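Asks: Using the hints, position chain A with the ligands against chain P.
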Amino acid sequence: MKYKTDVVVIGGGAAGMAAAYRAKKEGVDVILLERDEDTGGVLNQCIHNGFGLQYFKKDLTGPEFKEYAKERLEDIEILFGTYVLEVRNDRTIIFVDRRGIHEIETKALVMATGARERHFNSLPVPGKRITGVFTAGLAQRFINLENLKPGSKAVILGSGDIGLIMARRLTLEGIKVEAVLEIMPYPGGLERNVQQCLKDFGIPLYLSHTVTAIEGDRRLEKVIAAQVDYKWDPIPGTEKEFEVDTLITSVGLIPQTKPVDFVETDPGFLVSNTNQTSEDWIFAAGNCTVIFDLVDYVAKEGEKAGKYAAMYAKGEYKKGKKVKVRKGENIGVIHPIYIDPTQESTLYIRVSKVFDRANIKVLPLDVEVIEDEARPPEMIVVKLKPFDENIDEIEVMADELISKLG
Amino acid sequence: MSSSQNLVKELTCVRCPLGCKVKIEYTKELEVLNISGNKCPRGREYAIQEISDPHRILVTSIKVKKGKYLLASVKTTDAIPLRLFDEAMKIIEKLEVEAPVKRGDIIIKNFLETGTNLIVTRSVERL
Ligand SMILES: Cc1cc2nc3c(=O)[nH]c(=O)nc-3n(C[C@H](O)[C@H](O)[C@H](O)COP(=O)(O)OP(=O)(O)OC[C@H]3O[C@@H](n4cnc5c(N)ncnc54)[C@H](O)[C@@H]3O)c2cc1C
Ligand code: SF4
Chain P
1 MKYKTDVVVI GGGAAGMAAA YRAKKEGVDV ILLERDEDTG GVLNQCIHNG FGLQYFKKDL
61 TGPEFKEYAK ERLEDIEILF GTYVLEVRND RTIIFVDRRG IHEIETKALV MATGARERHF
121 NSLPVPGKRI TGVFTAGLAQ RFINLENLKP GSKAVILGSG DIGLIMARRL TLEGIKVEAV
181 LEIMPYPGGL ERNVQQCLKD FGIPLYLSHT VTAIEGDRRL EKVIAAQVDY KWDPIPGTEK
241 EFEVDTLITS VGLIPQTKPV DFVETDPGFL VSNTNQTSED WIFAAGNCTV IFDLVDYVAK
301 EGEKAGKYAA MYAKGEYKKG KKVKVRKGEN IGVIHPIYID PTQESTLYIR VSKVFDRANI
361 KVLPLDVEVI EDEARPPEMI VVKLKPFDEN IDEIEVMADE LISKLG
Chain A
1 MSSSQNLVKE LTCVRCPLGC KVKIEYTKEL EVLNISGNKC PRGREYAIQE ISDPHRILVT
61 SIKVKKGKYL LASVKTTDAI PLRLFDEAMK IIEKLEVEAP VKRGDIIIKN FLETGTNLIV
121 TRSVERL
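Chain order of the listed sequences is P and A. Note that my numbering gives residue 157 to position 157 of the first sequence, counting from 1, and the numbers run on in steps of one. Note that my numbering gives residue 86 to position 86 of the second sequence, counting from 1, and the numbers run on in steps of one.
To be clear, the hints were calculated from the coordinates, so they are not data collected in a lab. Where hints are given, some of them may not hold.
[Unchecked claim] Restricting the straight-line Cα-Cα distance to at most 20 Å, the calculated cross-link-like pairs of lysine to aspartate or glutamate (EDC-like) are:
(1) Lys-324/P to Glu-264/P
(2) Lys-21/A to Glu-371/P
(3) Lys-258/P to Asp-229/P
(4) Lys-102/A to Asp-280/P
(5) Lys-199/P to Asp-86/A
Note that the coordinates shown come from a computational prediction; the quantities given were computed from them, not determined experimentally.
So here's chain P without its partners, still in its complex pose (with noise of 0.2 Å):
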């Protein structure tokens, strides 16, 4: 079948949905492509709370989340089990469903295909490959969705969110968790995570810690871990050993940009304040951007490709000039990577080490922002108006802020 359409969306996580939604609302057709037969990505198998409290202004659950954006898209045609194959330059798109292959003609598109796991193969660690060791995202799809249980006992690799939440699940769940491994020299995740998921069930945190070598035959039977120096590489002597038929690792996910392969990436899409990537009818929105923690940015960005890739296709907004934004002291993730100055943006900063008090700026605009003990897990926004077109570059760094009183 042949389809013509103002804007495609691709993905219906979290950031698909609220583009598609926003999309709509600026009074363009839009089409939702999603491959899975419910919309909501990872929010479906994100069973605890926490979500929308600055979207919906409810603390929600995963589910209740997707719920609510859902019920914003009943007059948008989503396709459900549909898997794209190609995005070509021509903007026509390609897909096929269970009716076979189709081809969309489109003015705008967004990306917002998400992340998937990095995994644990992918970490240089002896041993076999043996069965017992899942990536966390899948051993939450196991419990959450298909009330399977992975194992019995456990050993988590990887402190960020998704390994503190499994934490919890798996202890809930009567799985016993004998230690949650992190080879940062601080948690991964949320202090707020770090809290509920492990010193509520009293679960071992090892800091600067990590996997040394699994043992087991054809189910896993031991994990060994080990004490790293700060180059990360393993202190003799520190060895621990834990008997578990579990391994659960998270070791962070990467954005999805397939099949869009004539953009620029890095490894996420590289977009502009407008969501706008290197081609200028391609937008992109979401984890397939960069990896965010908070859903409510998710939805936000989302909402804001949906905008401006509506505007494109109404062709009230062409290529926007694009004013680089550098990475400077002490910043270790900074996003968009570009700014169209004509318009508002809002930037999304991890800091690269931990600060009692840091104090970030950007350059040479004259916007100071003071965060209390800002770590990199955490991310830090910062809104910036418009501002003068003749700058061609803007810096963000961070540094101490040394109190006058000590």
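Replies: Chain A with the ligands alone, transformed into the frame defined by chain P:
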């Protein structure tokens, strides 16, 4: 009374994702002397509860018969004492409902006499 006998706890408020660092100073008799760091009154309430009887929202799933999904996620409508989690999970494990269920459906009223309800957070259609 000398101040050296007072206790200080540095907490992370879990009432919302802002995760304020709340510092509470109190006596052994749990008399609150000072609370700081909270960006809203819920943080104060949280800190007081945290030193005496920590409360959390419980989130988990129940089995669903004849539904599009095998499980419906559930939560308590408000935080319940953490010390009741084991008992609560034993009850929830045995529950099974028949589809359809809708977001907000009450599964157990006044769960464990806590004054909160156990409600559905994922709608599950009938197959
Ligand atoms: C375990 C975990 C816990 C979290 N906890 C919290 C929390 O407590 N509070 C909070 O605010 N945030 C939390 N987050 C973050 C937040 O949920 C996510 O950042 C957000 O939901 C990501 O949305 P997304 O739309 O970018 O991606 P996704 O949800 O991954 O959506 C991508 C969608 O695109 C579809 N798709 C991908 N490729 C294709 C294709 N080629 N064709 C068609 N469809 C495709 C996928 O099926 C999926 O539906 C958590 C995230 C995780 C993983
Ligand atoms: S004190 Fe208020 S604002 Fe701060 S984390 Fe708690 S509920 Fe949120």
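Asks: Now tell me if each hint is right for this structure.
Replies: Hints versus structure:
no.: 1; hint: Lys-324/P to Glu-264/P; verdict: holds, 14 Å
no.: 2; hint: Lys-21/A to Glu-371/P; verdict: holds, 13 Å
no.: 3; hint: Lys-258/P to Asp-229/P; verdict: violated, 37 Å
no.: 4; hint: Lys-102/A to Asp-280/P; verdict: violated, 42 Å
no.: 5; hint: Lys-199/P to Asp-86/A; verdict: holds, 16 Å
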